[in-house]
Amino acid sequence: MKADLSVNIAGVTLKNPVMPASGTFGSGLEYARMMDLSRLGAIVTKGVSNIPWEGNDVPRVTEVPGGMLNAIGLQNPGVDVFIERDLAFLKQVDTRVIVNVCGKSEQDYLDVVERLADEERVDLLEINVSCPNVKEGAIAFGQNPESLFHITQEIRKKAKQPVIMKLTPNVTGIAETARAAEAGGADAISLINTITGMKIDVERQRFVLANRTGGLSGPAIHPVAVRMVYETAQAVRIPIIGMGGIASAEDALEMMLAGASAVAVGAMNFNDPLIMLRIIDGMAAYCERHGIGRISDLTGAVHT
Amino acid sequence: MSTRDGAAGRPAAKKTVRVSTVKELADGICELVLTYPERERPENAVPGQFVMIYPGDGSHILGRPISVCGYNPVEGALRLVFRVVGKGTGELAALKPGEEADVLGLLGNGYPMEELRTRKSEGAQIALVGGGIGIPPMLELARQLPGCRAVLGYRTDDLFLMDEFQEYAVTQAATEDGSFGTKGTVLDVLRQGAAPDILCACGPLPMLRALKEYAAENGVTAFLSLEERMACGVGVCLGCVCRTTYKDAHSQVNRARVCTEGPVFRAEDVEL
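Here the protein sequences line up with chains A and B, keeping their order. For the first sequence, the numbering used here gives the first residue as 1, with consecutive numbering after it. For the second sequence, the numbering used here gives the first residue as 1, with consecutive numbering after it.
Hints listed in this document are in silico derivations from the structure and should not be mistaken for laboratory results. Quick caveat: nothing in here was measured; it's all calculated off a predicted structure. Possibly wrong hints are sitting among the right ones.
Restraint ranges, calculated between C-beta atoms of paired labels, are given here [as the list claims (entries may be wrong)]: (1) A:I51 <-> B:A216: 54 to 60 Å; (2) A:K158 <-> B:E114: 36 to 42 Å; (3) B:M113 <-> A:A301: 20 to 26 Å; (4) B:R191 <-> A:D94: 58 to 64 Å; (5) A:V224 <-> B:P97: 38 to 44 Å; (6) A:K2 <-> B:K96: 41 to 47 Å.
Taking lysine-lysine and the BS3-like style, the derived pairs with C-alpha atoms no more than 30 Å apart in a straight line are [as the list claims (entries may be wrong)]: (7) B:K120 <-> B:K96; (8) B:K14 <-> A:K199; (9) B:K23 <-> B:K120; (10) B:K183 <-> A:K199; (11) A:K104 <-> A:K2; (12) A:K157 <-> A:K91; (13) B:K14 <-> A:K2; (14) B:K96 <-> A:K15; (15) B:K96 <-> B:K183; (16) A:K160 <-> A:K15; (17) B:K14 <-> B:K87; (18) A:K104 <-> B:K183; (19) B:K212 <-> B:K23; (20) B:K14 <-> A:K91; (21) A:K199 <-> A:K91; (22) A:K158 <-> A:K104; (23) A:K91 <-> B:K247; (24) B:K14 <-> B:K96; (25) A:K157 <-> A:K104; (26) A:K104 <-> A:K15; (27) A:K15 <-> A:K91.
Derived, one-sided and incomplete: chain A residues facing chain B with beta-carbon distance under 10 Å [unchecked claim]: (28) Y31; (29) N70; (30) E120.
We treat Cβ as the ideally placed atom computed from N, Cα and C, and that holds for glycine.
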């Protein structure tokens, strides 16, 4: 018997639990000719701001053992071009659309949320209050529980789609920030964003990244992400989208057992553009092997 | 414009290629010849295009962008020549004939061949300029556009590929230490004679900056192949941008993707 792979995030049904992590898949345009995008549970877009953002200077990326550091700085064309071009393209794709929203001030976020409010193609909003690579805003909102509570509340008032707050791992207690987002009215939580890191070129005695610090992603961070998803699942009742170094169906299943309702694949899309399709197939095979009828039954099912 | 792949109609996903040759051409300069599976051969390579080639050890997740030094569509044989600089390229250099490797591509936009062929047939003098590990991609250009002038810059007389350039182009060399050819840089060679009408170049950033200035001063049309650290190679991550004088297609913030809009740009379009 084929397992039911569908999952529900804040009232929105996804055909399976697998989606790209924001920033690793654009809006899907570049990967459309390599794969059937409609096989994905959802497409999560690159961060969208109210006006175009230039991003950081180069070098913006570098490799480290088991992963990479990035400091792109959320280069994007802004919400107007996003709607005209990216969202128009996504109208032809039979999958859910989650738009990642970024900003430097509370008003920046609200501008984008309001602009997207009547766009029917947008199923969910993911609010990036956790990017470590922009100087103002972003992570600052996500590191302080009070400001996270406040901005979640303000966004919730304006948003017409369910709101996912994307949390940073760069905090002392993830349970506390997760509870603040839930109390502010978040419909779901996604985590983890990247872990702030640094690399120095010892021959040249210089920082490798122009931004000096960058966000660590890739298989190296997976155990940290699993632990934080587990802790978050213990702290809140809203659904969790788990991410951080997922490289295989096993990694994705681990995330679900820890408490995630869905999963996102990030840096490993750069290693293999088709990896999400292999992960979906692997998860289906696991369910058949273990006689699991509904994959959603795995959420938080780790034995304690 | 998205990524190009000569094998029209096929998904441009990663392909497993077989290693047929591994050779050290000079100190730290490695040659790899890789054969595409028969049904997945790109029809052609545009000089200046590149592939992402993936180390297989699992702890290196990103592909290495390496320019095409040569491509034989009949055999599906892709030739890469690169400098061994780190663990990733070291691992590629340690591949053995018969082993497999994963590649993505051909990727990116190469030199504008139609424009170059037209201008050449109208009598334009074209100089192909390669510096260091920027030399290999110019060889495929020399092969597809025979009868140009090639100017190659090396560190020392530990030369590589020079004899092959001589089959297609009138070739001159410069070495930093003066042990072969002109002592100095490719610019010193270019300044010895009349400026070409068109210049195609690949090499280190200081060389490209100097060539951009030289081209502007002498009214030369210049096409420069840029290099930048990449993660995805297909225009998604926005890791490898360069500053452009025009609004880029993706974000409209004058930051074009080297992997997608490039790697070859018109000199006047980029700020280096």
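Next item on the list: With respect to the beta-carbon atoms only, verify the hint that V224 of chain A and P97 of chain B lie 38 to 44 Å apart.
Entry: For V224 of chain A and P97 of chain B the Cβ distance comes to about 41 Å; the hint holds.
Check: Are K158 of chain A and K104 of chain A close enough, with their CA atoms no more than 30 Å apart?
Finding: 18 Å, holds
Note to self: Between the alpha carbons of K157 of chain A and K104 of chain A, is the straight-line distance 30 Å or under?
What the structure shows: 19 Å, holds
Notebook entry, point to check: Under the criterion of a CB-CB separation shorter than 10 Å, is E120 of chain A in contact with chain B as hinted?
Noted result: 25 Å, violated
Check: Does the alpha-carbon distance linking K91 of chain A and K247 of chain B stay inside the 30 Å limit?
Finding: Satisfied, since the Cα-Cα distance of roughly 26 Å is no more than 30 Å.
Notebook entry, point to check: Straight-line Cα separation of K14 of chain B and K96 of chain B no greater than 30 Å?
Noted result: Judged against 30 Å, a Cα distance of about 20 Å means the pair holds.
Check: Are K183 of chain B and K199 of chain A close enough, with their CA atoms no more than 30 Å apart?
Finding: Answer violated: K183 of chain B to K199 of chain A is near 37 Å, above 30 Å.
Next item on the list: Using the Cβ atoms, figure out if R191 of chain B sits within 58 to 64 Å of D94 of chain A.
Entry: 60 Å, holds
Notebook entry, point to check: Is the interface hint for Y31 of chain A satisfied, with its Cβ closer than 10 Å to some Cβ of chain B?
Noted result: 7 Å, holds
Item checked: Hint consistency between K14 of chain B and K91 of chain A [alpha-carbon to alpha-carbon, up to 30 Å] -> Holds, at about 27 Å.
Next item on the list: May I ask you to test the hint 20 to 26 Å on the CB atoms belonging to M113 of chain B and A301 of chain A?
Entry: 58 Å Cβ-Cβ, so the 20 to 26 Å window is violated.
Note to self: Check the hint pairing K199 of chain A with K91 of chain A against an upper bound of 30 Å on the C-alpha distance.
What the structure shows: 40 Å, violated
Checked against the numbered hints listed earlier, the structure breaks hints 1, 2, 3, 7, 9, 10, 11, 14, 15, 18, 19, 21, 26, 30; every other hint is satisfied.
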